[in-house]
Amino acid sequence: MKIAVVGLGDVGTVTGACLTQTGHTVIGVDVNPVKIGQLNEVASPITEIRLDEMVRAEVRAGHLWATSDIAGAVAAADVVLVCVGTPSGRDGDVHLQDVRRVIAEIGGTMAHLDGWRLIHITSTVPPGTVAHEIGPLLEHSSGKSWPDEFGVAFSPEFLHGDTATDVLSLPQSVVAADDDRSFEAAQSVYAAFADDVIRRSISVAEMVKLSRLVSHAPPTSSRRRRILILVENLAVPFDRRVWQEARTLQEAGYDVSVICPKSTQHPESFQTLEGVRIYRYPSPFEARRTAGYLIEYPQALVSQLVLAIKVARAGRIDVIQACNPPDLLFLVALPFRLLTGTRFIFDHHDASPELLIAKGRRRGSRIVRFAELLERWTFSGATVSMATNESYRRIAVERGGMSPDDVFVVRSGPDLSRFAAAQVDPELRRGKQYLVAYVGVMGIQEGIDYLLEAADLLVNKRGRTDVQFTLAGSGPEFSRVVDRVAELGLADNVALLGRVSEEVLAALLTTADLCVNPDEWNEMNDISTMNKILEYMALGKPIVQFDLREGRVSAGGASLYARPNDAESLADGIAELLDDEAQRARMGAIGHERFESTFSWEHSAPALLAAYRQALARTSRVEPPTGASRRSGGRRVLDRVRAGR
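Residues in the sequence shown are numbered consecutively from 84, following the numbering used here.
Every clue listed holds true.
Here are the simulated lysine-lysine pairs, PhoX-like style, with alpha carbons at most 25 Å apart:
no. : residue 1 : residue 2
1   : Lys-515   : Lys-544
2   : Lys-227   : Lys-85
3   : Lys-393   : Lys-345
Quick list of simulated restraints, FRET-style, between CB atoms:
no. : residue 1 : residue 2 : range
4   : Gly-155   : Ala-693   : 26 to 34 Å
5   : Val-389   : His-195   : 56 to 64 Å
6   : Glu-651   : Phe-353   : 49 to 57 Å
7   : His-686   : Arg-183   : 27 to 35 Å
8   : Leu-421   : Glu-267   : 52 to 60 Å
9   : Glu-510   : Glu-222   : 48 to 56 Å
Calculated from the structure, these hints are not laboratory results.
Where is the CB? At the ideal position from N, CA and C, for every residue including glycine.
Throw the hints in and build the complete structure from the sequences for me.
What follows is the structure, encoded as structure tokens:
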């Protein structure tokens, strides 16, 4: 029998995989391309004992695959299982919009098909929904009559047992149908799962399932792996990388919470966005100098620990993901690691020692050596770590003592949906023929002075008054940059927008003729992947930047490369591209194709989920490492605590 399973969350994925074990062929349907890609690449979208092994075998055997084509799946199937989520609102109401949408699509497809089919509902719905909404909607959208031309059944079962795949050996199973043909069809599906299949009416089964949910009987959601993400330096969802990670994990079936500071744009203490719970704490003090961090970081760590305990009260946390900076967040995870075996994932955003050196500290100085120590402690406490590029992966292995198998490269691909409605805005050119754009932070290591010197050379020294430079972003150097523009007499050709809305940012990048990345060469920038470069590439914009290692890895042929920290070379590169429209178009196309094929988030999401699968597959006990996978100098934090160090 061919069965279409619509919705590849916990219930859909487990049920679909288990059905293949009983001789059925299963077509999984979902709107999430990440889940589809994972399953077709022989990996389960959710983490369960035996499930990866089961999915791998059945996909390779051709008994299981996934698609976004619901019409094709329904046309090929004898039975359609609807496993779409119905989340509850704060008022307790069950949200049925996704179920209604799917049912309407199924009915619309059946309108063009011959033959009788069973539509089997597993989604949690209020009593009466099948009789008064789902059945009539199927009849209306298909033009067919129920039960003569199609059948409807309902399953009140939650997944049972210690693991999801225990559904294969149930003593009994309940199937609800109001007509004999629908029950017999559903019974043929479930008979292989249970020794005894019991029939109930649909209205009774709806009530049973909802009452179990209300009374906290073990529903699927209670087995969802609980994830906590810690961020100290940015609010979420403003931190685009963390927000993409949280959304991807939530869509893959995890229960995700985030702890982060408040900001002007996000002042709420608690917020639920797209199913992700976000807890925010006040951050009254933001350090600018080393001494200030002695105030900021202890406040942040205490706030995060208090909120983490609050999250843990709702249920055991399976994984804590810490996103640096600073390399101190392992201290928040440590009690959970020691007491409950929570796995710890280090999401390595910044190389802290190199960042200090870029800000003027000397390698070998006390503060840099202390930063290296904190970095080692963070790595030594990690079950797995995630790196933003291969340079950071080398740090994790060579300096952090991580096993290469435990380090996953998860690149930060921008979310193109932010730019979907972008329109060219001629006013941004301010009457000039060309527009050169910069988007990013304005700090010491961002090299804004080099860009202003290049603009001065082009406008004031070479007479290129046909060029408008527009810089979007803010940071600790912003006020000084404003003064510098005035000093150089560039007010007519340089616009400083500060921090702008997504709409203005999208319009700026869409309108620009070329984009610049003036990040100076230093040890930090040389090994870091800059999000602005990927955004430029995503929108097909040619780039001029200094020749840095990871900048070249990212942009390839989409960029011209100036001599590092040389404003005149940067100006030459800008002038060359302004005067060559064909080269700009060619480089922009290279960048866009390169982004689509390598650097978009769709390519990063599978690595993120693989990191979580590996972390969750590890023993929950805290043990010192064995063998040569970690260096003796990189012992776990637990060993240091026990040794009183």
